[in-house]
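Enquirer: These are the residues of each chain, in order.
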Amino acid sequence: MAALQRVAQSSVSTTASSYGSCKGGGGVLSPSAAEMAVPDRFPAGLRVLVVDDDTTCLRILELMLLRCLYQVTICSEATVALNLLRERKDCFDVVLSDVHMPDMDGFKLLEHIGLEMDLPVIMMSADGRTSVVMRGIRHGACDFLIKPVREAELKNIWQHVVRKKWNGSKELEHSGSLEDNDPHKRGNNDIEYTSSVNEGTEVSLKGQKKRINAKEDDDGDTENDDMSTSKKPRVVWSVELHQQFVTAVNQLGLDKAVPKRILEMMNVPGLTRENVASHLQKFRLYLKRLNGVAQQQSGIANAFCGPADSNGKLGSLSRFDFPALAASGQIPPQTLAALQAELLGQPAGNLMPATDQPALLHASLQGAKRPPVEHGVPFVQPFIKSQSNVSKQFPQPVISAEDVSPGFGQWRSNNRSTVAPSNYHGGSSALNSNLLMGVVQQEQRQHDRTQQQSALIEPCRSFNVQPSCLVVPSQSSTGFQAGNSPASFNQSISFNKSTVIDYSLLSDQSNNSLNIGHIPTGNLKITGTLGGYSAPGSISPTSCIVNADNNSTSYQNSTATFSDSRELPGVLHNTSNSQGFYVDKSGEMLDQGPLRNLGFVGKETCIPSRFAVDDFESQMSNLNPGRIQVENSGALVKQEPIVDYVDNEKLGIPILQQYSSSDFMSPFTD
Amino acid sequence: MDAVAQWRNQWFDYTQYLRREGFLDDQFAQLKKLQDENSPDFVVEVVSLFFQDSEKLFNNMARALEQNVVNFKQVDAYVHQFKGSSAWIGAFRLKNVCINFRNFCEAQNLEGCLRCLQQLQQESTALKNKLENLFRLEQQIVAAGGSIPMME
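From first to last, the protein sequence lines stand for chains A and B.
Going by the UniProt record's numbering, the first sequence opens with residue 1, and the numbers climb by one from there.
Going by the UniProt record's numbering, the second sequence opens with residue 1, and the numbers climb by one from there.
One thing to keep in mind: the hints can contain errors.
[As the list claims (entries may be wrong)] Footprint (simulated), chain A over chain B, 3 or more residues, beta carbon under 8 Å:
{"no.": "1", "segment": "25-35"}
{"no.": "2", "segment": "78-87"}
[Said to hold, decoys possible] Within a straight-line C-alpha distance of at most 30 Å, the following computed BS3-like cross-link-like pairs (lysine-lysine) qualify:
{"no.": "3", "chain 1": "B", "residue 1": "Lys73", "chain 2": "A", "residue 2": "Lys260"}
{"no.": "4", "chain 1": "A", "residue 1": "Lys108", "chain 2": "B", "residue 2": "Lys73"}
{"no.": "5", "chain 1": "A", "residue 1": "Lys288", "chain 2": "A", "residue 2": "Lys256"}
{"no.": "6", "chain 1": "A", "residue 1": "Lys288", "chain 2": "A", "residue 2": "Lys89"}
{"no.": "7", "chain 1": "B", "residue 1": "Lys130", "chain 2": "B", "residue 2": "Lys33"}
{"no.": "8", "chain 1": "A", "residue 1": "Lys260", "chain 2": "A", "residue 2": "Lys89"}
{"no.": "9", "chain 1": "A", "residue 1": "Lys108", "chain 2": "A", "residue 2": "Lys256"}
{"no.": "10", "chain 1": "B", "residue 1": "Lys130", "chain 2": "B", "residue 2": "Lys56"}
{"no.": "11", "chain 1": "B", "residue 1": "Lys130", "chain 2": "A", "residue 2": "Lys108"}
[As the list claims (entries may be wrong)] Distance windows between CB atoms, simulated:
{"no.": "12", "chain 1": "A", "residue 1": "Asn83", "chain 2": "B", "residue 2": "Ala107", "range": "34 to 42 Å"}
{"no.": "13", "chain 1": "B", "residue 1": "Leu34", "chain 2": "A", "residue 2": "Cys91", "range": "24 to 32 Å"}
{"no.": "14", "chain 1": "B", "residue 1": "Val69", "chain 2": "A", "residue 2": "Cys91", "range": "40 to 48 Å"}
{"no.": "15", "chain 1": "B", "residue 1": "Lys128", "chain 2": "A", "residue 2": "Arg150", "range": "23 to 31 Å"}
{"no.": "16", "chain 1": "A", "residue 1": "Asn83", "chain 2": "B", "residue 2": "Gln74", "range": "51 to 59 Å"}
{"no.": "17", "chain 1": "B", "residue 1": "Asp41", "chain 2": "A", "residue 2": "Gly270", "range": "53 to 61 Å"}
{"no.": "18", "chain 1": "A", "residue 1": "Lys108", "chain 2": "B", "residue 2": "Val44", "range": "30 to 38 Å"}
{"no.": "19", "chain 1": "B", "residue 1": "Asn68", "chain 2": "A", "residue 2": "Arg88", "range": "55 to 63 Å"}
None of these hints come from the bench; they were simulated from the model.
Here a beta-carbon is modelled for each residue, glycine too, at the ideal position from N, C-alpha and C.
Based on the provided sequences and hints, a complete structural model is requested.
Expert: Encoded structure:
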């Protein structure tokens, strides 16, 4: 049968009008507007591609997605879908694919998309066996839905888009459509990859201590401890391994380099095709990045990072890569020269600066990142270190997909930090600068506590903070900045509103669980960034970080704070699990599981009465407590929060009053 | 009682009967909820698609089962697909037959498979008839100016 392919655009308009709601007042989305994914209508207009050989399923999903105000394209053949994606790479935000398809295995399609387009892919199947779901995750699926899928489950798929973007890009503070964010994200990813490639290969992620200079030792120790607790063996892309990989790729030719062939050529026992696939993806991005050097970012990064030793580390690696890269003919000589110069510690003002940061962060992040990700145990350290990095997010996806290539995870986090600086510079919000200062202070404190690192990290961190608005020393409880209501937490409706208020409240409130406070703020910020909402510049990142520290002890794990912050966003905002969104904001270092728990807990303690009572309550009700509780290892919080919040008079949130509970009613909850 | 009211009552009774007998389950109600003024024929459309697809699948299954060396894995794949589709429209009984069918496939029991295929075809035809009745009733109600009740 001919591939059924249809783009349902006009229906979006009609649907939008018929449903009327959706935060922006639910106007009709013109085709162009729909494509643009107007920020303040987010997530309406999200461009979804559905691939399934079952036409019944396609039709039903199409309608459900339309009702979610998404822009839907359906396709009944995987090969056609892949071609479509290749031709119109930037025309889709997320892909929904069936597992069992006659012309191509769904997992294979998933891999292709991950490698070539780096779009979030959600798998679906009537077969809900754990083994099948696990396969999906290992292949890199962002999520796995069991058929028949309910409309409620589809409402939240935007979280995967956001999370991916957030992880990839720090430049979210400015408003912009999702499309606008794409190039940034891509660019950032490339940068991150670059630095991480250099850093990661050089530094032995796991099991290899003291491979590098003493600077890394602390990290190594921490890392090893963490690693010992990790459940999955990670592939460390050591220099030799990477060299083998690059050699194989060069022999095959970059165009023809497929994971399977590369794996065969490398002939490394214990290395799986998935490991190679993931690494290949990063490598490709890296090359792309080299081809299109983003000078501004590197310039900024330079300012912030700069220890020569990190460069040194990178240097050897970069040198290692360059020949391979040069051989592949993809890197212009001048770029290579610039790269080399940078690696060797000379401020080339190009790619290198970006790499510096990752290098710095790398050490500190290594240990922190992985363990939290794997165990889902909240980390204080990682949080501290890589707050700005929001790197945690990276490790997670990486690990979930492959549970390998720790280097990648690190790289990513590194990248984040790298990106941060640029973001920072780019950020126009005054808040950012305030945050930065606060963050730096905070981070320093944290640093001292956590044994390592370098002050280098801090700056990076602060950068990260910016986007997520998380980093903010708790001390400074800046008053609330009115204007945003907690409502923004609600995934659906409040996108427009930033939760500035909450943020400041949180900081004021207590030292504990302010993390949660972060989250909301963080979330808000992110949202704002994504959808072009007013940046929560007014938010006083009061103590996202600081509190985290304080709170950490009060929580199950020392890392609780970290996780708290991560979870909070998710908890607060997600009525049904779109935690990813928020978590990312706060620099989700922990995977969602632990985060949820913490977040929720934090929520209880942290959220000041700022939130309008009714708002909060509605939020709470939206949160789907049942879900949270399950995940929460010790979440008692659920029940109390409302009361707490209500009682908390201190913060008197005038702004909150502006929002009625109806604000929180997301159109999706109708 | 006026005609519309009568038909609405009939509609209630009929849907209750269909639910009770397992012809339809909750998922069908979900589908109906998706239908609105923008997609007034959504359910009819989806159900039609389903039956069209099922025809093809039945042919495929029959052909696969006729082979000298039956590829049970392939048959199982078809059944899995059909099961998925059935689940989408809330065809409860069909779904259950599929479960049996898959068990027979796994056991490589040709007899059992053939029996199940036959059962699927019979059930499918029966469901089709019932749904046609239901849709006709709905059309009558709407044509007479009434509104189709909500399915619970």
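Enquirer: Could you say whether the range 30 to 38 Å given as a hint is met by the Cβ separation of lysine 108 of chain A and valine 44 of chain B?
Expert: holds (35 Å)
Enquirer: Is the Cα-Cα distance between lysine 130 of chain B and lysine 108 of chain A 30 Å or less?
Expert: violated (40 Å)
Enquirer: Need the status of pair lysine 130 of chain B, lysine 33 of chain B: alpha-carbon distance at most 30 Å?
Expert: holds (19 Å)
Enquirer: Range first: 23 to 31 Å. Now tell me if the beta carbons of lysine 128 of chain B and arginine 150 of chain A are that far apart.
Expert: holds (25 Å)
Enquirer: Is the Cα-Cα distance between lysine 108 of chain A and lysine 256 of chain A 30 Å or less?
Expert: holds (16 Å)
Enquirer: Does lysine 260 of chain A sit within 30 Å of lysine 73 of chain B, going by the straight-line distance between their CA atoms?
Expert: holds (26 Å)
Enquirer: Take the C-beta atom of asparagine 83 of chain A and the C-beta atom of alanine 107 of chain B, compute their distance, and say whether it sits inside 34 to 42 Å.
Expert: Holds, at about 40 Å.
Enquirer: The hint says 55 to 63 Å between asparagine 68 of chain B and arginine 88 of chain A; measuring C-beta to C-beta, is that right?
Expert: violated (46 Å)
Enquirer: Between lysine 260 of chain A and lysine 89 of chain A, does the CA-CA distance stay at or below 30 Å?
Expert: holds (24 Å)
Enquirer: Given the hint that lysine 108 of chain A pairs with lysine 73 of chain B, test it: the Cα-Cα distance must not exceed 30 Å.
Expert: It holds: about 20 Å lies between the C-alpha atoms, which stays within 30 Å.
Enquirer: Should the hint that valine 69 of chain B and cysteine 91 of chain A are 40 to 48 Å apart at their CB atoms be regarded as holding?
Expert: Check passed, 45 Å falls within 40 to 48 Å.
Enquirer: Lysine 130 of chain B and lysine 56 of chain B were given as a pair; does the straight-line alpha-carbon distance stay at or below 30 Å?
Expert: Holds. Lysine 130 of chain B to lysine 56 of chain B sits at ~21 Å (cutoff 30 Å).
The structure is inconsistent with the numbered hints 11, 16, 19, although it conforms to all the rest.
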